[in-house]
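*Asks:* Here the structure of chain A is known, so what remains is to put chain B in place on it, guided by the hints.
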Amino acid sequence: HLTTSLPLPSERDHLRPRIDMIVFMIDIKSKYSLKNVEASLAHVDASFFLGKVCFLVTGVGRVNYCSVEMNAIWKLGEVYCSPVLFCELELEGIRVATAQRLLRMLQICAGHIPGFSALSFGTLMRSSADD
Amino acid sequence: MDETVAEYIRRTVLKIPRDEIKTMLQKWGFLSEAQLETVNFHQIKDNISQDVVQLCEENSADIKQAAVLDIIYNNIYPNKRIWSVYQMNKTGEETEFFDLTDFKKKFKRRLRSALKNVTINFREYEDNAIWIRIAWGTPYTKPNQYKTSYVVYHSQTPYVFISASVLRSNLPLLCQALVVASNYHDIREMELRSHSLNSLQDIVFKRYSQNFQTYCPRPLSERNVAPETVDLRIIQENRNEKERIQRLNREVFGDGPQPKIEFAQYKLETMFKSDPKMDVLDKKEPFRCLIKFSSPHLLESLKSLAPAGMADAPLSPLLTCIPQKARNYFKIREKKGLLPGSFVSP
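Same order as they appear, the protein sequences are chains A and B. Residue numbering for the first sequence follows this note's numbering, starting at 1107 and increasing by one per position. Residue numbering for the second sequence follows this note's numbering, starting at 433 and increasing by one per position.
No lab work stands behind these hints, which were simulated from the structure alone. Each hint should be verified, as a subset may be incorrect.
[Claimed, not checked] Below, simulated BS3-like cross-link-like pairs (lysine-lysine); rule was C-alpha separation at most 30 Å, straight line:
| # | chain 1 | residue 1 | chain 2 | residue 2 |
| --- | --- | --- | --- | --- |
| 1 | A | K1137 | B | K763 |
| 2 | B | K699 | A | K1141 |
| 3 | A | K1135 | B | K674 |
| 4 | B | K674 | B | K699 |
| 5 | B | K536 | B | K512 |
So that you can see chain A by itself, here it is in the shape it has in the complex (with noise of 0.2 Å):
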């Protein structure tokens, strides 16, 4: 399911499977990005932030064009508890690679990979990220 923000429109909620993860896409270029994140992330419930968030942040190939600061990209993945990912979309074998990954952390949150839950991946992912 795309949504450019939330709340998820309410009409639709009848239509809606369960959500097993949330991805917050960030392009870097664009600070209108960050803020609309921002604002999305007060709507959503705080379960979700046990492992089943993570923040995308993608346009990381062009250097020059970069709007948002690092530093506020590392403070929301410190304070949401959720790990940051970092992708080049223009680039076929990167943006495979990142929706290999995305794909694998989903199996996770959802249930389907035994004795090994969401909270646990995240743990981990945020433990090797602070080595």
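*Replies:* Relative to the frame of chain A, chain B by itself:
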């Protein structure tokens, strides 16, 4: 043939893209077809231009013919210069019959009475457009053929498009001559400038697609036939929002291509509004600030902002009014009165 004329022709030919040189020379009509056949247009441009100058020597070209070639070049490649738009007005008289010979005579006489050393050339095009090329000298020096201004005057309209070049001091003189020659009373500069002469004409003559308040009996989703295959596994939650943005965009910008301008400039003369506790600018002077938007194609990029998710729709009317108001330079002042706010000065 004068050496300066030869050099000028050589340089003009060098400006033309190689594949276009023959066609342009044919348009010029100064060299015969037989003469053009003797030139090899596949060699390097340096050699082509030398050959052309040689032929012009045979025909004894003078500055008048060279100037015509220059006008033809600028008519085909006007986007290399910046054009400003001027509007003339006369007080309530009926439109007189336009006499081209009379116009040319009066223009030359007026200009030469103030400054003897000028080269003036005219060329008429379809659409009642008159191109005027002026090379400026000083009271003591001959006209410099590389310091030229171009004027495009559509005789059935009060609009004049001027590409002034470096010598802006000659502009008042030029404007005066235009007013006198065309039987108007005065002339004023509109706040509208661009490299694209065609787009300026489109804006001023209202030839771009305008937004009309049309009643759409069918909902928009039926009309937009998406050519790409829709993956049914992807669900767009905000389809309504996307359609609202498309509809607003269409209302504001219309359906067709936008006129091409490269920048919009807003000069703010408004008061800085801050927390009174911050004690900034307690002298209460206007906060002077200049905002400039630039883009290879400003209006198209503004049109794509909301659909690309980079701005809220609708866009500020300060941005979207550019074609309707026929201006891209604005001064924004405080609105005087009870309500604080700002308005755009005429």
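*Asks:* All hints, please: hold or fail.
*Replies:* Structure-based check of each hint:
1. K1137(A) with K763(B): holds (27 Å)
2. K699(B) with K1141(A): Holds: K699(B) and K1141(A) sit about 27 Å apart, inside 30 Å.
3. K1135(A) with K674(B): OK: K1135(A) and K674(B) at ~21 Å, within 30 Å.
4. K674(B) with K699(B): violated (33 Å)
5. K536(B) with K512(B): Distance of about 26 Å is within 30 Å: holds.
The structure fails to meet hint 4 from the earlier list, while all remaining hints are met.
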